[in-house]
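Number of protein chains: 2
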Amino acid sequence: MKSCMHLLLCFLLLIKTTTSQSIIKTLPGYPGPLPFKLETGYISVGAEDEIELFYYFIESERDPETDPLLFWHTGGPGCSGLSGLLIEIGPLAFDLESFDGSFPSLVINPYSWTKIASIIFIDSPIGTGFSYSNKSNAYLSCDTKSANANYLFLRKWLLKHPKFLKNRLYVAGDSYGGKIATMVALEIAKGNEAGLQPRMLLQGYIIGNSRTGNEDSNERIPYAHRMALISDEYFELAKSGCHGEYVNSDPNNYKCQYALELIRECTKLINDIHILEPRCRYMSPRPNDILSGQLFLEDDPLDLLVLSRKDKPWCRNHNYVPIYVWANNETVQEALHIKKGTITSWTRCNMTIVYMNMAYKEDVKSIFRHHQLLNEKGYQALAYSGDHDMYVPYLSTLKWIRALNLTVDDKWRPWYVGGQVAGYTEKYKNYNQAFITFATVKGAGHIAPEYKPKECLAMIDRWLSLFPL
Amino acid sequence: MKSCMHLLLCFLLLIKTTTSQSIIKTLPGYPGPLPFKLETGYISVGAEDEIELFYYFIESERDPETDPLLFWHTGGPGCSGLSGLLIEIGPLAFDLESFDGSFPSLVINPYSWTKIASIIFIDSPIGTGFSYSNKSNAYLSCDTKSANANYLFLRKWLLKHPKFLKNRLYVAGDSYGGKIATMVALEIAKGNEAGLQPRMLLQGYIIGNSRTGNEDSNERIPYAHRMALISDEYFELAKSGCHGEYVNSDPNNYKCQYALELIRECTKLINDIHILEPRCRYMSPRPNDILSGQLFLEDDPLDLLVLSRKDKPWCRNHNYVPIYVWANNETVQEALHIKKGTITSWTRCNMTIVYMNMAYKEDVKSIFRHHQLLNEKGYQALAYSGDHDMYVPYLSTLKWIRALNLTVDDKWRPWYVGGQVAGYTEKYKNYNQAFITFATVKGAGHIAPEYKPKECLAMIDRWLSLFPL
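Chains as they are written, first to last, in our numbering: chain P, 233 to 701; chain G, 233 to 701.
Among the hints, a few may not be true.
Claimed, not checked - Which chain G residues face chain P? A few, computed with CB under 7 Å, are given here: (1) Pro454; (2) Arg458; (3) Ala460; (4) Ser463; (5) Leu501; (6) Thr672; (7) Gly675.
If you are wondering where the hints come from, they were derived from the structure by calculation, not from laboratory data. Just so we're clear, the structure is a prediction, and the values are computed from it rather than from any experiment. Quick reminder that beta carbons are idealized off the backbone N, C-alpha and C, glycines included.
The task is simple: from the sequences and hints, build the whole structure.
Encoded structure:
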């Protein structure tokens, strides 16, 4: 009877779904046929199927039959899966050398994670990338809704791609996407336990400089101290004055507020997503943006196009200009099979949903408990951190891992790529042999594969192959 | 009677001196006449004038009459002044883009410190660069001899260039050169007090990632901890096991030795002169060099010429290949007025004198007392540190400054270049208004101007102009 119910549920899932999917053989900007298998499509989710989530699926270039399946969540919230694909870990990248502001060229990324895994990139939550809804109230979202929607998306996607049901599955993501990925992993675990169909071969999750919650911000001060941005004195003042609580500090505690003000003065012009790179906002023609200080992914396309002129100093945000030109091009949208009239203008990271209309609420304040549950249930985790990121510093990640009170299985040591130290790693396990691998990526910022693509591919390859880093 | 004695001494200094000096109008590799005034020459020092110290003098490109005079000491010990001139802070640099292993081209360094100061670069101690002696036992040297020799050199140089006697004088240098510069500054101060002639207008000294003594190495462990190279656990283990003494640790203290061994494993393949750059030795065709682990300036010219092939990964040491080709070229040596037959082969850093023949002894174990005396005597100091150097970490510099127990005059704050944070600074003063300015250079390695030339010129310009950084 139970399994009949499940079959019925599967059937209902499928008939309710107004999915579309297309195999993309060529893309504007890339010469010749694509040397990998790309599929795009929409899958409808929500109580009334009112939300159309767009995705990009790329089969592993090695052996899609046996290689793992990754379900990738780009950060933000509000950053498109296309950004993950073209700027982080996908098989194509922009030819930045030749880019002059006109239509950009695409080249092969030799360090694509699709060399070793099949990856679904999703435009989520609703309002991100090419995802859309015809109902305006569908745009009201939050962590819980977003994670639920992504889980439902994946169930429907797997029902339409049943051959991937036998592949090892990992939920993955970085920055805010790491938070959602962790929540989705727990949804899957619970769904499997409840016997929901299809049953997924979830192995674990992979997160990079991932948001845990508000507590991340607390570690920015010890991090700034370690990285020589604030003095021993200021750090001691803050520690004793604020009793270690910097985010929700008491506004009437003047000793604490004074220390925090000294620290703010020291760090306010630091590029917190990579402390050694220039802070682009202050090279911008519109430095007094009303959102100043709120955005961490500061790519305003208008500013960027001005910024990318050759006579301006280099700024990482220049790298983000081609994706705006490309994704807003009509022939590109046709090639990707974007439904006409669904999106007025594509943005890499839709900050409007988060900051302007406040359409997205961070309703889950911390996912510490999610990590704990996943670990208790026996799932594996890889938590990596670009060590030059102050936005979500590696100290935040270490903090929640250590709070789990696990046993150290492989002590802190360097990991190597090409004979060089690529970072440091430590491996933890619970009574149940569920492992958490922590790894720093030396010299990398917030989105580690953007800075250290070769090292990150080696890391993920070893970890997915169950080798030590 | 006293002043007669001084005049006599001056006279003796001059007649004993077998100096040579030449104005250089053109240099091989640079098209057309040099757009600055370059003089090279030898000045003989030592009890019997047996040591010929070679120098390069460049007049300030702004106003040599009023701009300060810098007496620059390159590190090592054993690194040539030519390296300071062509790779660090001088008006010419190699065109690395066009270098293909044949004769290199020279280009203008827009961030030369000679834009704002006249600089003497010295090949010191004996055995360095083009300095030489006809007596083999003259090559036996040490800190004290080297500092004495450099002071004598400067007295003789100023007597031959009396118009610079009215310029503000600063002794300067980085790495080991910072140690010698500090010692020379104290020699000058004492010489002035003793009425030695010529009286020098010493204002203070400028040192970068400067060696203080053995205590520098002790700070590498806290630094490695801060920079995420070792874990909190290892650091705590070392602190409690070794009681904070890591350099001269007790070999029978197994708890300490165990912690140090864990730390050594974590950091042994880190490039300690810039922790984010590749460790070149391990890309070398001769990785098992007998000197492995001893050299910090790892440029073996034979290895480098192999390394500089385009198909090899980038390595900063590639930048050091052109100077070997250039300085060993016969027409270059003629242009520089090098005496024929005095040098068999020019090396950027003569490690032989330090490590192979042990010709150079570090007889002054710490210059903390020198700093203290200079501060008490009222001289100004700028102590800057590339903050990504583990060889002499900024923590070493902060340690001796703080041990002086001075008053903080300008609290820790960022300093800016082009609207970006270029580093952090703190200014200390004594009862006598003698200032010590500490500054980090954000993202720079051991030789800060090599990594951050624009920022370092701005720093030195402001400091020499008595402006806040």
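Checked hints:
Given hint, proline 454 of chain G at the interface with chain P, is violated; its Cβ is 10 Å from that chain's nearest Cβ, farther than 7 Å. Taking 7 Å as the C-beta contact cut-off toward chain P, the hint placing arginine 458 of chain G at the interface holds, the least distance being around 4 Å. A cut of 7 Å between beta carbons decides the hint on alanine 460 of chain G: the least distance to chain P is about 5 Å, and the hint holds. For serine 463 of chain G, the interface hint holds, since its Cβ comes within 7 Å of a Cβ in chain P; the closest pair sits about 4 Å apart.
Hint on leucine 501 of chain G holds. Least Cβ distance to chain P is approximately 5 Å, under the 7 Å limit. Of the supplied interface hints, the one on threonine 672 of chain G holds, with its beta-carbon coming within about 5 Å of a beta-carbon of chain P, less than 7 Å. The interface hint given for glycine 675 of chain G is met, as the beta carbon of that residue sits about 4 Å from the closest beta carbon of chain P, less than 7 Å.
The structure shown violates just one earlier hint, number 1.
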